[in-house]
Structures are given as C-alpha cells and as structure tokens.
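Could you put the whole structure together from the sequences, leaning on the hints where they help?
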Amino acid sequence: MITITHDEIDAGALIRAAQTPEMGALVTFVGVVRDDDGLETMELEAYEEAAHEELSTIRDEAMERYAIDSVDIVHRIGRLEVGETILVIVVGAGHRKEAFPACEYVIDRLKQTVPIWKKEYRAGGDEWVAGETQKSA
Amino acid sequence: MKVRVRAFARFREIFGSEQVIDLPEEAGLDVLLKKFAESREEGHAALFDGDGRLLSHVVLMHNRRRVEDAAVGGTALSDGDEVAVFPPVAGG
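Just so you know, the protein sequences line up as chains A and B, in that order. Quick note: the first sequence uses the working numbering, first residue 3, plus one each step. Quick note: the second sequence uses the working numbering, first residue 3, plus one each step.
Quick caveat, the hints were computed from the structure, so don't treat them as lab data. All values derive from a computational prediction rather than experimental measurement. Beta carbons: idealized from backbone N, C-alpha and C, even for Gly. Wrong hints could be hidden among the right ones.
[Said to hold, decoys possible] Rough simulated footprint, nothing fancy, chain A against chain B, three-plus residues with beta-carbon under 8 Å:
id, region
1, 5–18
2, 81–91
[To be verified] Restricting the straight-line Cα-Cα distance to at most 30 Å, the calculated cross-link-like pairs of lysine-lysine (DSS-like) are:
id, chain 1, residue 1, chain 2, residue 2
3, B, Lys36, B, Lys4
4, B, Lys36, A, Lys99
5, A, Lys99, B, Lys4
Rendered as structure tokens:
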C-alpha cells in the first residue's frame, strides 16, 4: 500500500495488515515530529500525484534489489504536532537480513526524490526545512 | 496553448499554488519559465540568477517527470501540459 494521508497513522495496524504467513520479519521505520529547538508544529506539503508515483517507483526498486515480499509506505501531510507520526514504512520479508537494508533504502530514496516539504513553526517564526538536492550547485 | 504551472513550498508562497499560462504554440519550457517568473514582482529573482540562469535549487517537473537544467531549453510543451516548480524535497 502506498498512501499519502491527512489522517493519523497507526503503525500497528499497518504491520498487521502487511503480515503474511511466509514473513519472518517485518522491519518498520516510523518517522516522528521531533521536539527540535523549540519546535511547536510542522506543516507538511506534497505534490500529491507526483509523490505517489515516486513512492511507487521506490517500492518497485526495493522489491527488485532485495529478497523481500512487500513494501508499504504511508506518508502524512498537513499540520502535525511534536510526537505525531509523519511516515511509516513496513518491509515484509522471510528474513531480517534483507528487510533491514531494504527499509533503509526506501527511507533514503524517499528523502532524495519524493516531492514533499516540511515547514517548521517556532515562537520566533516559521521556516521551510532545507531539502536534499540531487542537482549540483 | 495553455500550460498549467504548479508551485510548491516556498515557491507556492511566491507564485500561488497554480497558474495557467497562455503561450504561443511553439514555445518551450524556457519561454514558459520566463513568463511564469514575470507573473510576480519578486518572481524572476526567485528562479533566476543575475545572468538569467535557473538557480541551482529550483527543481522542475514536466508532466511529473524531472527536467534537468540542461534539458530546459530543449523541452517542448503541448496544450494541457503540467509543469511543477519546487525547492529540493524534504519529506520523511
């Protein structure tokens, strides 16, 4: 499942939904809004159609590169408070040794290519988070 | 022809989330970007340097496919196309 949502994300429900009898490992990454230097809230914005396509591409790449059975990615957008879940990635596999690097591959690629942005709000003002770029300066 | 331009994050705050730009039939992506930049007072400085080159942190998509800087001049447009302009991504 690839989803971009305004709703709260339930990581436990996603893990249960992903599980099949063949899976011995479900490696899960949960990205959370961190209390960073007085952060009050965070606003996440997406180019939704392109982000959905890019997430699907990353899932397909991970499935090709690693001996895994499934990749589920749910990314939240909208306004989030400290402690709320931004993102859940669930990688299902027969064995952990493939599931761990596959999960890391998905989050690393996501941060490089998926058109989603964060704006941080603090008492002193607001600021867009500087993103990663694949282009040379 | 009419081309839809969508802007995100910092560029959305400058240009608005969406504009439809009317262009001559033969116009390419470079022509579109200049016209789009001129749509706001601070638009040109947001996208181009003093020599008229696209700033390195401006990312472009044409019909949801990335366009590298070197390809901007050679990218032809058609009526109904969608171009997106945004800063480097920061999700996850």
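Hint check results:
Counting residues of the region 5–18 of chain B whose beta-carbon sits less than 8 Å from any beta-carbon of chain A gives 5, enough to reach three: the coverage restraint holds. By the rule of at least three residues with a Cβ nearer than 8 Å to a Cβ of chain A, the coverage given for the region 81–91 of chain B holds, with 5 such residues. The suggested pairing of lysine 36 of chain B with lysine 4 of chain B holds, with an alpha-carbon distance near 15 Å, which does not exceed 30 Å. With a CA separation close to 50 Å, the supplied pair lysine 36 of chain B and lysine 99 of chain A exceeds the 30 Å bound.
For the hint linking lysine 99 of chain A to lysine 4 of chain B, the alpha-carbon distance of about 51 Å lies beyond 30 Å, and the restraint is violated.
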